[in-house]
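Student: Each chain, letter by letter, is given below.
There are 2 protein chains.
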Amino acid sequence: MSAASQPVEFGFQLLGTDGAARRGRVTTAHGTIETPAFMPVGTAATVKAMRPESVAETGAEILLGNTYHLMLRPGAERVAALGGLHKFMNWPKPILTDSGGFQVMSLAGLRKIEEKGVTFRSHIDGSVHFLSPERSVEIQHLLDSNITMVLDECTPHPATHEQALSSMELSMRWAQRSKDGFKKRPGYGLFGIVQGSVYPDLRKRSAEALASIGFDGYAVGGLAVGEGQEIMFRVLEETVPHLPADRPHYLMGVGKPADIVGAVQRGIDMFDCVLPTRSGRTAQAFTARGTVNLRNARHQDDPRPLEEGCPCPACTSCSRAYLHHLVRSEEILGLMLLTWHNLAYYQRLMAGLRAAIEAGSLEDFVAGFHETQAGGDIPALG
Amino acid sequence: MSAASQPVEFGFQLLGTDGAARRGRVTTAHGTIETPAFMPVGTAATVKAMRPESVAETGAEILLGNTYHLMLRPGAERVAALGGLHKFMNWPKPILTDSGGFQVMSLAGLRKIEEKGVTFRSHIDGSVHFLSPERSVEIQHLLDSNITMVLDECTPHPATHEQALSSMELSMRWAQRSKDGFKKRPGYGLFGIVQGSVYPDLRKRSAEALASIGFDGYAVGGLAVGEGQEIMFRVLEETVPHLPADRPHYLMGVGKPADIVGAVQRGIDMFDCVLPTRSGRTAQAFTARGTVNLRNARHQDDPRPLEEGCPCPACTSCSRAYLHHLVRSEEILGLMLLTWHNLAYYQRLMAGLRAAIEAGSLEDFVAGFHETQAGGDIPALG
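Keeping their order, the protein sequence lines are chains A and B. So the first sequence is numbered by the working numbering: it starts at 1 and just counts up by one. So the second sequence is numbered by the working numbering: it starts at 1 and just counts up by one.
This is chain A alone, in the form it adopts within the complex (with noise of 0.2 Å):
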């Protein structure tokens, strides 16, 4: 399972189907990721609030990390330097590194793109940095990723077809450049990212031009960003067929747990989310009966726990009501349980579709989870 010892191929197992849903596993130098996966965000090599100790004990086998955040700081050829991401961070278990594209887009009037990359000016000092295809795989290599994400351009929402079509193919052009410049070793994968914004033509011109390039794993780029969830939905039946199957899918920034739940009927393998570790931190708290907020009053006298049968600590060891004590007082312990506990609910929801899948049962996972969460939270008290 380690670097150290036999050297282990990059690579997906199809265990078995249930519809278009696939129950997999994926094998890295650092070890497996059973998939459908939920993969927690680690922005600047932390998973906010948690100890990587008790982000593993929620069941999650792998995480992500963002090159944006991370060049400018710690940067890359420090994190190189002290021994790499995972032992920087001190997870040991596999990471997956976005290409920083998806950030630096997102710094309205702070940069550039052009063919050769994007230039931009960091969030944090103002200083100019420049990151392209190259640049961005290497730094992913610098920082011991072991899913090494291409660089493309994240087309906004809405965008014309033309708009989308230039958009898209800039993107498949630094996706050659991105396998261009990976360094493939043992256990360590590259993925492509289909853009083409809503437009069935463009996503299946996508998915094709990555395929024939060739990658470890394939992503869906571009949506979450605003469209919905229906036309995500459709996009996403009309673009995963056309990803190969003998490789992992991925659902780049989702999401909701009804997303989660929808995307993996429609073929999805792995997905990540800042929505779980950020709802955590402003009282919002996800259950198999949707979602609770504990900044609500009709906790505070409540002694029951957040969610019956949870194993996480907020909900073993907490009442509702001291958890809305600690969310009114501002206390760092109330972020540090409801993001402990949101990462364990989505890990849940991951291994139960798992479980259903190999059960060939995932309708009625579905059906019970969408009657579950529609039935709302437990009454209040009194």
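Calculated from the structure, these hints are not laboratory results. Mixed in with the good hints, there may be bad ones.
To be verified - Chain B is nowhere near these chain A residues, computed Cβ spacing over 12 Å in every case:
#  : residue
1  : GLN13
2  : SER54
3  : HIS129
4  : SER132
5  : GLN176
6  : ASP180
7  : ILE231
8  : SER279
9  : GLY376
10 : ASP377
Claimed, not checked - Some chain B residues close to chain A (C-beta under 7 Å, calculated; not the full set):
#  : residue
11 : LEU82
12 : PHE88
13 : GLN284
Claimed, not checked - Here are the simulated lysine to aspartate or glutamate pairs, EDC-like style, with alpha carbons at most 16 Å apart:
#  : chain 1 : residue 1 : chain 2 : residue 2
14 : A       : LYS93     : A       : ASP125
15 : B       : LYS179    : B       : GLU138
16 : B       : LYS87     : B       : GLU77
17 : A       : LYS48     : B       : GLU331
18 : B       : LYS87     : A       : GLU53
19 : A       : LYS48     : B       : GLU330
20 : B       : LYS87     : A       : ASP301
21 : B       : LYS184    : B       : GLU134
22 : A       : LYS87     : B       : ASP301
23 : B       : LYS183    : B       : ASP125
24 : A       : LYS87     : B       : ASP302
25 : A       : LYS48     : A       : GLU331
26 : B       : LYS116    : B       : GLU169
27 : A       : LYS204    : A       : GLU237
Don't be surprised by glycine CBs; every beta carbon is placed ideally from N, CA and C.
With chain A held as given, fit chain B onto it using these hints.
Tutor: For chain B alone, coordinates are given in the frame of chain A:
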């Protein structure tokens, strides 16, 4: 060890001495406390940025809770209805609560002190509250505190002899009323607080007044308020000999490691202070070799642990470079890890003091402590 089984009497065993220093054991309904002991501060029903399990892992056997904060939010009656503070905050071990007096007296312009008690405005919502010796003891009873502190007036520094006398006499009248109002239960105790500013005659009179009322323990109050270590040590030398030797001696709100070491040498058994937790949130780490500021750029490439041999997760799983990165990035994990380290350092210091007293080698221990502190942090790399 628990209130549910055979009732346990609150008590203090003096296990040994080394000069004026004492090795003891406090027994409560929720467990025993080996002394000299340091009590982490859990102001609002949480030790900031720490799970209670982690606090216990550092070796802490008792926490301090703040009556002022808890009476305002979530409210003493609410905590009682939820099963008491131990259950509320998931800390099954002993708890000591302050009387609320110190915080209330610190509300400049927002409080009025009279014979009957103190009227004050909440810092949270401006609402008006009244705290008397009887109400303070009642609140601490509602919280289910193992060690209740009498309401006193913390005499400001500097104070004239006349001011200090008048303030001390008020505190002694309040001490009697606190005793009268205290509901004695097995395994629960009430501590008196010696006042008298820097005046030996007043400290002696205060100690004798409290002894004649009769308490389960005796605190030295009104120190660590700007008088400096030299005066603090002198006051302890003039005060502790007048405290009943068969009861625990508690120095309130102290302090830096060197303050604690000197106070143990002068017969103090219990301490509390926000310093390790507050410093942990401002990048200051306590180590055997003095304080280390993790914000300093000298750490940015340093792969070494903060403190070699420390079993806390900041030291066993992180480099100084990583801690520096977390601090610079204002990541919550940085506060969490440095708070943990500081509490672990304080508990290690107390364990060392206890072992040295047992071995009759306190003088050598203290000499070694000062020598390594004076030696300063390990040299920077390169």
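Student: Can you confirm whether the C-alpha distance between LYS184 (chain B) and GLU134 (chain B) stays at or below 16 Å?
Tutor: 14 Å, holds
Student: Are the Cα positions of LYS48 (chain A) and GLU330 (chain B) separated by 16 Å at most?
Tutor: Satisfied, since the Cα-Cα distance of roughly 10 Å is no more than 16 Å.
Student: May I ask you to test the interface hint for GLN284 (chain B) with respect to chain A, counting a Cβ-Cβ separation under 7 Å as satisfied?
Tutor: Violated - the Cβ of GLN284 (chain B) stays beyond 7 Å from chain A, reaching only about 17 Å at its closest.
Student: Against chain B, does SER132 (chain A) keep a CB gap of more than 12 Å to every residue?
Tutor: 25 Å, holds
Student: Given the hinted pair LYS183 (chain B) and ASP125 (chain B), is their alpha-carbon gap at most 16 Å?
Tutor: 31 Å, violated
Student: Need the status of pair LYS87 (chain B), ASP301 (chain A): alpha-carbon distance at most 16 Å?
Tutor: At roughly 14 Å apart (the allowed maximum being 16 Å), ASP301 (chain A) and LYS87 (chain B) satisfy the hint.
Student: Just double-check HIS129 (chain A) for me: nearest Cβ-Cβ distance to chain B has to come out over 12 Å.
Tutor: 17 Å, holds
Student: Holds or violated: LYS179 (chain B) with GLU138 (chain B), Cα cutoff 16 Å?
Tutor: 11 Å, holds
Student: Non-interface claim for GLY376 (chain A): all C-beta distances to chain B beyond 12 Å?
Tutor: Check passes; 24 Å lies beyond 12 Å.
Student: LYS48 (chain A) and GLU331 (chain B): Cα distance at most 16 Å?
Tutor: This hinted pair holds, its Cα atoms lying about 7 Å apart.
Student: Is the Cβ of SER54 (chain A) more than 12 Å away from each Cβ in chain B?
Tutor: Not fine: 9 Å to the nearest Cβ puts SER54 (chain A) too close to chain B.
Student: Decide, holds or violated, for the assertion that all CB atoms of chain B are farther than 12 Å from the CB of GLN176 (chain A).
Tutor: Since the minimum Cβ distance to chain B is about 34 Å, GLN176 (chain A) lies beyond 12 Å and the statement holds.
Going down the numbered hints, you'll see the structure goes against 2, 13, 14, 18, 23, while the others check out.
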